[in-house]
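Number of protein chains: 4
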Amino acid sequence: MKKTVAVIGATGVAGQQFLAALAGHPLFDVVALAASERSAGKSYQSALTDTAGAFRWYCQEPLNPRFADLEVEHAGEFDAAQVDLVFTAVESDAAAELEPRYAKTTPVVSTASAFRYEADVPIFIPGVNLDHQRLIPLQKKKRGWKGFVTPVPNCTTTGLAMTLKPIYDAFGIRQVIMTSLQSCSGAGRSPGTMALDIVDNVVPYIPKEEEKVEKETLKILGAFSGDTVAPAAFPVSVTCTRVPVLEAHTEAVYVSMENAATVEAVKSALRSHGKDFVALKLPSCPPRLIDVTDDPFRPQPRLDRDREGGMLTSVGRVRADHALSNGVKYMLVSHNTKMGAAKGAILVAEYLVHQGHI
Amino acid sequence: MKKTVAVIGATGVAGQQFLAALAGHPLFDVVALAASERSAGKSYQSALTDTAGAFRWYCQEPLNPRFADLEVEHAGEFDAAQVDLVFTAVESDAAAELEPRYAKTTPVVSTASAFRYEADVPIFIPGVNLDHQRLIPLQKKKRGWKGFVTPVPNCTTTGLAMTLKPIYDAFGIRQVIMTSLQSCSGAGRSPGTMALDIVDNVVPYIPKEEEKVEKETLKILGAFSGDTVAPAAFPVSVTCTRVPVLEAHTEAVYVSMENAATVEAVKSALRSHGKDFVALKLPSCPPRLIDVTDDPFRPQPRLDRDREGGMLTSVGRVRADHALSNGVKYMLVSHNTKMGAAKGAILVAEYLVHQGHI
Amino acid sequence: MKKTVAVIGATGVAGQQFLAALAGHPLFDVVALAASERSAGKSYQSALTDTAGAFRWYCQEPLNPRFADLEVEHAGEFDAAQVDLVFTAVESDAAAELEPRYAKTTPVVSTASAFRYEADVPIFIPGVNLDHQRLIPLQKKKRGWKGFVTPVPNCTTTGLAMTLKPIYDAFGIRQVIMTSLQSCSGAGRSPGTMALDIVDNVVPYIPKEEEKVEKETLKILGAFSGDTVAPAAFPVSVTCTRVPVLEAHTEAVYVSMENAATVEAVKSALRSHGKDFVALKLPSCPPRLIDVTDDPFRPQPRLDRDREGGMLTSVGRVRADHALSNGVKYMLVSHNTKMGAAKGAILVAEYLVHQGHI
Amino acid sequence: MKKTVAVIGATGVAGQQFLAALAGHPLFDVVALAASERSAGKSYQSALTDTAGAFRWYCQEPLNPRFADLEVEHAGEFDAAQVDLVFTAVESDAAAELEPRYAKTTPVVSTASAFRYEADVPIFIPGVNLDHQRLIPLQKKKRGWKGFVTPVPNCTTTGLAMTLKPIYDAFGIRQVIMTSLQSCSGAGRSPGTMALDIVDNVVPYIPKEEEKVEKETLKILGAFSGDTVAPAAFPVSVTCTRVPVLEAHTEAVYVSMENAATVEAVKSALRSHGKDFVALKLPSCPPRLIDVTDDPFRPQPRLDRDREGGMLTSVGRVRADHALSNGVKYMLVSHNTKMGAAKGAILVAEYLVHQGHI
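Residue numbers (my numbering), protein chains in the order written: chain A, 1082 to 1439; chain B, 1082 to 1439; chain C, 1082 to 1439; chain D, 1082 to 1439.
The set of hints was computed from the structure by calculation and includes no laboratory data. The reader is advised that the hints may include incorrect statements.
Copies of one chain are not kept apart here, so a pair can be met inside one copy or by any two copies together.
Stated by the list, open to error - Computed list of lysine to any residue pairs in SDA-like fashion (alpha-carbon distance at most 20 angstroms, straight line):
(1) K1221 with F1148
(2) K1356 with E1178
(3) K1293 with E1154
(4) K1289 with R1400
(5) K1356 with E1142
(6) K1348 with E1178
(7) K1289 with T1132
(8) K1221 with G1105
(9) K1296 with A1401
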């Protein structure tokens, strides 16, 4: 028996990615779609068609005809009790209002930031910190909910925390500096990044992004101290920029480790990361979480983003950093709307089903 | 009386930038052009016209008709004694062979890397280390040349060293980490960056670039110790990437300072940098060397690269860095083929005329 | 004595282009700015600053500090009687409501389409059909206005009609087919062309654009028949597409002429077009209206759009077309937000002052 | 038993596309690779690795490990007798010399233009003119070859001829006008389209392209007259441009038909084209040759190029053209390196196997 699921914010880019990934899913059956009042009452197909007649579906995968005919419900009035699981892909303000309402009855796996910084809410990255699931019963109890809310992190955090985790576990971390070169799809569509802004250009600032990445990374790498997760204690300093790339974020990472480690030892730690999680063979899980290449010209976002269905974190240019104590530096590419958003959230949900939380 | 000058490597992108900048120059009169044997004997206009009939002039400024008619000479056979000054814009291998030959009789201001790492050769950035001119008589004497060779740095070094200099002087520097987002024009035309490589993409590696930037920055910030320049002693760690931008390099810089300084103090040091040099009112000198903005969305390469004729280094997003001790971080944009190459070299030459070296 | 002018829709891209072009203008003195209610009451500087702190000024030219301090008025309540001339740069719906109100007291030169298709309203292109000014007194009389409304055409029409005019006059026209490759700046900012739509892509449709271009071209090339302009009688068929270019429209034009003409004769007609108009030496007029190149790789939008301040129509690849009777085909590049919008409207206004209409 | 094949020009972009498409092919077994002398003797993997260490494989599909280890032979010395079939993906000059040598013993299916315009050589497009196979025995006899040469057309011809064919058959054609917006991958890699040329730009000319498209289209639509193919007799006029798109050509087509036909009738003819060919179920054949959409914003190259493995020709915006007699106009997108080159050639070869020619 599949679990019935609803996708909230289904008409946005992130919501579309959920539907692209959930077509034919072995565990989840999409039975309800919801969005803002403007789309409510329309078929999903017509809700995606703008006034000029353009069909605004942004995924490479074609829209599943069964989803095309579903009637979009009003997210503000959606009754979550009718489904086993809710995926939310809405802006933070909307999530702050909607997710607690849904969670009263139903588990919510979210791409929104609204609850990420609450003490009883884990920010899950598959294969990195799923042991933070211990927070779920605590959250349910504290809030008196039958369901719960578990967000995935900001899409820029995902690749960073995914690659820091094995380094942290093996060698410890003292300092992290990271500069991101982020794609345009992460900018959402409202207001979105204008062609006028980004053609032949770099935008050196993404509002609120840097704070999120710094804070979320530490929480994700945190460990239980009694009933709460104590964030990791090293400083993280990031600069987030937008570049003329459609999909996938590229990040240049510099790490000062607690203990000395050779470049080969770091590569080895990265390569062997997540084997236990992969061994669960969850439907959306790639055969490995991190690939490390020795080709100095890789990873590149256009060439590497779609590897393993967009679920692989590609690492390259691993080399010693002589400016930092026990320093190592590398580049990574992570697909921001696949592993970094909808598909990452689906993989989290698969794990939560596996663990009996859903 | 103007100085007569030759431009070597005149048909390449950097050579073209020299000609664009030297049209109507008050001090320099271009009387000779040279390039490889393939172009020798042709008019400059026809040397720039490829077999398909395309006119391969890459500057915004139109080609001066006087230059169009000049006959291109063979660089390998060019007699530098006939001019007062030689500008070279050739690849490093060619420079290694040609520049010593020219320097026997004539000063050479170069954009090539061939001589940058020789102890008796200064790497000049206008307004940063022109006091390294003390090396010129030593170089002439040691090598038995009537002329000399003074290169400008790699175009990625320029913006970095320009902005580190006032911080170094005011507060001292312990560590520097920098990630560059470099434009395609810096890739030259042979082999050049292919559209297939860079559209919707980032290339995470530029061969030899990172080593150059790290080494040159320290030499430029070095001080005299007896008759040689001792490089600055702090570690510099850089990652150089190529992004889909036509002109101007963007850099994200993280600095650990020797002494604590507020963000405002750092901004103030950057803003007041180079006033004495600017006061010389050399023809190619901008009215200020560094601009610091408080608009968080600036600098952007497309919007800021052409300010002050491409001779301004634009800085923004200056903020405290909590991962580094006494840390500060910022973004900069510097025009790689103007201040970072030909026009920067011309400004150096203007200064050397002013000082009587030419 | 300069004429006092107001710019309506001053905060949009087209309005900004008006201000960029009117800074220091010898005939016009901007004394009032107006926009939607949202901007009303703010200084122009702050009206352009969005909630994230980004300063949304889209012109290459810096914003004139005098304009930055002007208070933006509410367009719906603006009293046009206080100025000698109104430039409007608003959407068509707003123009339909605002322009008649302003025209009761004051001449209005508009970039909007609202009145273009009214029989008593000329659509002006400088140097092409300014004799249509005979409609102005008729319009004033018919509508009982002290002022009048004269729009410029759609930006894609401008280059087409500019180049068809000399061919039409010299050889007659039977048929025209045109495919446009339009830039993103023409898409406006609301909703604007998203980076997600246009990176690595072509959008083959621009709503309402093709009909406008077909209809406007014929009206502009029309001649007086009694008191009205009878549109030219040949069929025009166009396809309008959007390509990843920031500024300037490229058009591939195929013309069947009434009378046979050599390619050289067509080039000659294009080159000699508009000499009388140019001879008036109006402030915004380029030294020639059309340039014809024999370089087969030109015109290119990035390289040719800014020639003569964006006021030149660049033509190339003029060659015989053997599919059409007496056929000729060519490519053109025209700057859509300069000659094709604000600066073109200003040049029209300069002419109307010269003719005593303002 | 699979046919053994060699790929000549295997290191170029087109050659790589052959290998991507031939990995695991049910009919063809790649047993030999050849390229220029520079690559000869190296493994294919190392032949693709440049001096800076970059691995220059340009396909989305990963390189098959079996091909990676094949030794590249020198094309000029390759003995074609050892294989059943040769695919060539070399420049025209090389093809003129190599293909007749190979054809002495072996069938050659080519992407090069060298033999396209010979009277006894068919230019094949799958599903369009495979009846031109009648030329094969004539060619073999006339030239005394055991093999033969059959090229596919220029990649810009493919989409045009594919869509004209059903219109020509159903309604007849009087005139065709076409403007192409071509991708950068078609430019090859030597010299290739530079990022400096095409970022934020359109290049309005592609040397020799327009003549090829005009001539090839008519030959492909030609019919047998005795032992030769008489080209179709209507005039074709094209303009070929390059736009900032990675893969897939977009074309705006205007057709004057012999007989009047409604837009619906034209769409119907396009949609039903090639059913018999598709029914053969050849391995590389898509389930339909042409898709016609009513979404006015489609086809778009980025969104539609990969449909049906890049083998579908996507048509949209079909509408009446009032400038031409019995006119119809439409847009098409065709993948230039899939159906328009290697995969199209493979589908031709599959058909020739089916027909017993190979």
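Okay, the hints, checked on the actual structure:
{"no.": "1", "hint": "K1221 with F1148", "result": "neither (32 angstroms within a copy, 56 angstroms between copies)"}
{"no.": "2", "hint": "K1356 with E1178", "result": "neither (38 angstroms within a copy, 54 angstroms between copies)"}
{"no.": "3", "hint": "K1293 with E1154", "result": "neither (31 angstroms within a copy, 38 angstroms between copies)"}
{"no.": "4", "hint": "K1289 with R1400", "result": "between (30 angstroms within a copy, 14 angstroms between copies)"}
{"no.": "5", "hint": "K1356 with E1142", "result": "neither (29 angstroms within a copy, 25 angstroms between copies)"}
{"no.": "6", "hint": "K1348 with E1178", "result": "neither (43 angstroms within a copy, 41 angstroms between copies)"}
{"no.": "7", "hint": "K1289 with T1132", "result": "between (32 angstroms within a copy, 12 angstroms between copies)"}
{"no.": "8", "hint": "K1221 with G1105", "result": "neither (31 angstroms within a copy, 52 angstroms between copies)"}
{"no.": "9", "hint": "K1296 with A1401", "result": "between (26 angstroms within a copy, 16 angstroms between copies)"}
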